[in-house]
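Novice: Residue numbers (our numbering), protein chains in the order written: chain U, 1 to 165; chain B, 1 to 773.
For the record, the hints were derived by calculation from the structure and aren't laboratory data.
In this text, a Cβ means the ideal position worked out from N, Cα and C, and glycines have one as well.
Treat the hints loosely; a few may be bogus.
[As the list claims (entries may be wrong)] Only pairs whose alpha carbons sit at most 20 Å apart, straight line, appear in this in silico SDA-like list of lysine to any residue:
| hint | chain 1 | residue 1 | chain 2 | residue 2 |
| --- | --- | --- | --- | --- |
| 1 | B | K52 | B | M30 |
| 2 | B | K149 | B | P731 |
| 3 | B | K9 | U | E153 |
| 4 | B | K256 | B | L374 |
| 5 | B | K113 | U | E98 |
| 6 | B | K113 | U | E153 |
| 7 | B | K9 | U | E98 |
| 8 | B | K293 | B | L374 |
| 9 | B | K113 | U | R161 |
| 10 | B | K113 | U | G8 |
| 11 | B | K113 | U | E30 |
| 12 | B | K745 | B | K256 |
[To be verified] Not everything, but these chain U residues come out facing chain B in the computed CB check (under 10 Å):
| hint | residue |
| --- | --- |
| 13 | F15 |
| 14 | R37 |
| 15 | E51 |
| 16 | C54 |
| 17 | Q75 |
| 18 | G78 |
| 19 | S79 |
| 20 | A88 |
| 21 | F100 |
| 22 | G104 |
| 23 | Y121 |
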Amino acid sequence: MTSARERGAQVEISFVVNGEPRAVRAYPMERLLDVLRHQLQLTGAKEGCGEGECGSCSVLMDGILVNSCLVPVLQAEGSNLVTIEGLAAGETLHVLQEAFLECGGAQCGICTPGMILAAFYLSNGKPEPTVTEIREGLSGNLCRCTGYSQIVEAVAEAARRRSAA
Amino acid sequence: MSSERIVGKSVARKEGRDKVTGRSQYVDDMVLPDMLFGATVRSQIPRGRIRKITFGPGVDWDEFVIVSAKDIPGKNCISLIGDDQPCLAGQLVNHPEEPILLLAHPDRHLLPKAVEAVAIEYDPLPAIFTMEDSERRSEIIWGEDNIFKTYLIEKGDVKSIWEKAHYIVEGEYATGAQEQLYIENNGMIAAFDAEQGITVWGSLQCPYYIHKALMALCELPAEKVRVVQMETGGAFGGKEEYPSMIAAHAALLAMKSGKPVKIIYDRMEDMAATTKRHPSRTRHRTAVTKDGKILGGEIDFTIDGGAYLTLSPVVLSRGAIHAGGLYYWPSVRIRAKAVATNAPPHGAFRGFGAPQSLFAMERHMDRIARELGLSPVEIRRRNFLQPGQTTTTEQVVREPINLEKLLDRALEASDYYAKKDRFAKENRLGSTRKGMGIAAFLHGAGFTGSGERYLSSVVGVEGCADGDVRVLVSSTEFGQGTKTVLSQIAAEALGLPYENVSVAQPDTLEVPNSGPTVASRTAMVVGKLVQSAALGIKQTLISAKLLGDTYTAEEFRAACRQHVAVHGQFRSWSRYEAPSDIVWDDQKYRGEAYAAFAWAVYVAEVAVDLATYSVSVDDFVALQEVGKVLHPALATGQIVGGVAQGIGFSLYEKVVWQNGRMQNSQMTNYIMPTSSDLPPIRVFFEELGNVYGAYGAKGIGELPMDGPAPAIVNAVEDALGVRFDSVPLLPEDIMDGLDTDRLNKDKLDKDKDGFAASSLHGASGVGSRGEIR
């Protein structure tokens, strides 16, 4: 028994990750999450539940927030992916990362990459979200530490800074 | 206190930047060369004898490393308080999901199928699944009587109170199991080398618990066992004891294969197999005077420990000591008992027994109020502990705490009276019913009784070659801000900028045993030791004339560099010494149970939808006195996060059991609150200070778990006029409660000679069980 026989042949899949073109060899039905983590060493996306409930594996695929544990890697062919590693510009944090840091939006940090990407996706569509919109927009990402208040504050604070800039 | 520069300020968290950029290394992010992946074959039955194990077809078993109980070099147990829990079941299994075999393979994708291909035949034995069956001893499944531990707390003369009582109020309350549900599942990597011994890296709270367990299991000396904590994605007590089990499994596979082995649980395995909050049952019988003063009472507190001892005795202890709440009991008898059932062992979870017994206490106060025709506010006011009075263990309240003032401030912050009035009018109309509920409570910081004395924690502070300072502790960061707060304390003590202080990664090769990171003890107990070890560094430099009495940061760093250049490694140690006035009698269970208590009053506002029976928490006020708040943003985060878990415990999180196995071990069917389920949780602090903690700090982490459940269920009763005495309280429970209430009322209406509601008078000794409303 080999894993290849179990899962068909590997294929070459190309996409852009955080602005860089990448090509991987993977089984078509492998989870995008595993390819990101194991082949590309982009370990910022986390597995919390493996069934699309917790949002810890969130990444952006062609600008849309997806649970990378539910995306077969074949589906990412030709797409443009953004992971948490692609959000800061070098050592300069994204305004959301700064706000999470200052407002106490990250405690244990395991949901943080997914949560920040969910907030990024939300604020792309709604630059000045209301508290209700933030709470609804982030409700697909579970956090067990914060009770969400300081996350909501961080997202609101980032919006204020963006509009002031 | 206002002279402090760093303590009391919301400085940036030490590891915050790595967390927001995704750079933090959690155990599953770590890869070692040639690493295998491990998996666990678990019991499918609750209790029985293993007859035969067959390795089924379709799997190339030669490629797998297989470990059974026979491969254990030392003692087959996870050494903790007792040694009764096997690392791998040999002949007997005592709960579903009990580990039996371990498998490892280089390809992680092959493991699930291999686990499934192992067929285990059993001779089943009768099992028990409830506390009541355990107490009846229809089967003896543990020891001689199914009892892990009992405690008896006695104060005053309970016998004499019943005839003096104007009212005797009885009640029974229950709480369910709760899953910690840290978002990072449990995981461990182990590597073995004949020279260096075993090293494990993992997601964990207590490096030295694992160290002790691995020494016994692998028969290795202390220096050949090394435990390293990786960034840990949430714990809440759920990574207090079970990581020893996973570390043991990874270590056994690593020893047998000679390769590093990684074991990462998936969510279903983590939820089904690892520990949860102990289910509980509390019975109260209370004697009360006609003006609402508690004369005394009896409290029976029972918890379900699952199949092995693990931490149940200490969970029980904390639950028992908190069972009387923050009220003055002239006399009381508290009987506490932890019993065995054939479920996976229950374990540590934020609050550690106190949320269970305090739920009962605070629900019972509302019941007493109703029986007496007093308000929930008034009954509490009349019975609050005052400075100089004693707790149920006869600990004198020495702090100048004014609980009435705390209550008044919480009522004001929540606009309690105005809302009560408004809801009384509005509740007659429409399809929602609103209510307000209060919970007043306390939480002891640090280990119970003689615990800190036995732990005898040690902390180090190091002056480094570059002049910076490093804190050496086994206390772990898992979201609370351990590294940040301990750095603040050391920086404050040394007069250094916060940036010049760091905290070493917990690694048993590097750091001393500062005790486990549990029991709300880190800021208070470990923090105080950090403060004194830091002062040791300063004193050494001053004595060596390298530093004057006043100095700049640069002068300090130069002096430190010079000391290291001349003398080499520069470390200062501090060991815990129990204050002489903290005296505890382990035999009588009497005395100073905790060096300090945190005090709190929480107020919940709820709305119950009469069409769906769902409850929403619309406002939540959390007011607490926790001593000096060392870091306002972190402290607020602890409170809000704890309240959120408490709301989950109250209204959402139900573990569904069948024959000792959790049936809903997924995030799709075990529901925790999302951002859109929670209200703004409004946090307020009072700061009295505390002589035993660093800069006046007390414990904070567990406190917020204690109050939400009783406050919310009290509010639901206020909204509906129907009593509910257990959590979780789900919509179906509310529907049942309202239906039963309606039937009872119909019956009362039909029976013209029926009892009037509240038919209890005088010192008749009639138990009010509340069937009559």
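Novice: Next step is simple, just say for each hint if it's right about the structure.
Specialist: These are the hints, each one checked on the structure:
1. B/K52 x B/M30: 37 Å, violated
2. B/K149 x B/P731: 35 Å, violated
3. B/K9 x U/E153: Given that 20 Å is the threshold and the Cα spacing comes to 18 Å, the pair holds.
4. B/K256 x B/L374: 67 Å, violated
5. B/K113 x U/E98: 44 Å, violated
6. B/K113 x U/E153: 45 Å, violated
7. B/K9 x U/E98: 18 Å, holds
8. B/K293 x B/L374: Holds. B/K293 to B/L374 sits at ~11 Å (cutoff 20 Å).
9. B/K113 x U/R161: The given pair, whose Cα atoms are some 51 Å apart, is violated under the 20 Å limit.
10. B/K113 x U/G8: 17 Å, holds
11. B/K113 x U/E30: 17 Å, holds
12. B/K745 x B/K256: Violated: B/K745 and B/K256 sit about 68 Å apart, past 20 Å.
13. F15: 18 Å, violated
14. R37: 8 Å, holds
15. E51: Since the shortest Cβ distance to chain B is 6 Å, the answer is holds.
16. C54: With a minimum Cβ separation of about 6 Å from chain B (threshold 10 Å), the hint on U/C54 holds.
17. Q75: 19 Å, violated
18. G78: 24 Å, violated
19. S79: 20 Å, violated
20. A88: Where the cut-off is 10 Å and the nearest Cβ of chain B is about 6 Å from U/A88, the hint holds.
21. F100: At about 5 Å, which falls below the 10 Å cut-off, the nearest Cβ of chain B leaves the hint on U/F100 intact, so it holds.
22. G104: 4 Å, holds
23. Y121: Status violated, d = 14 Å.
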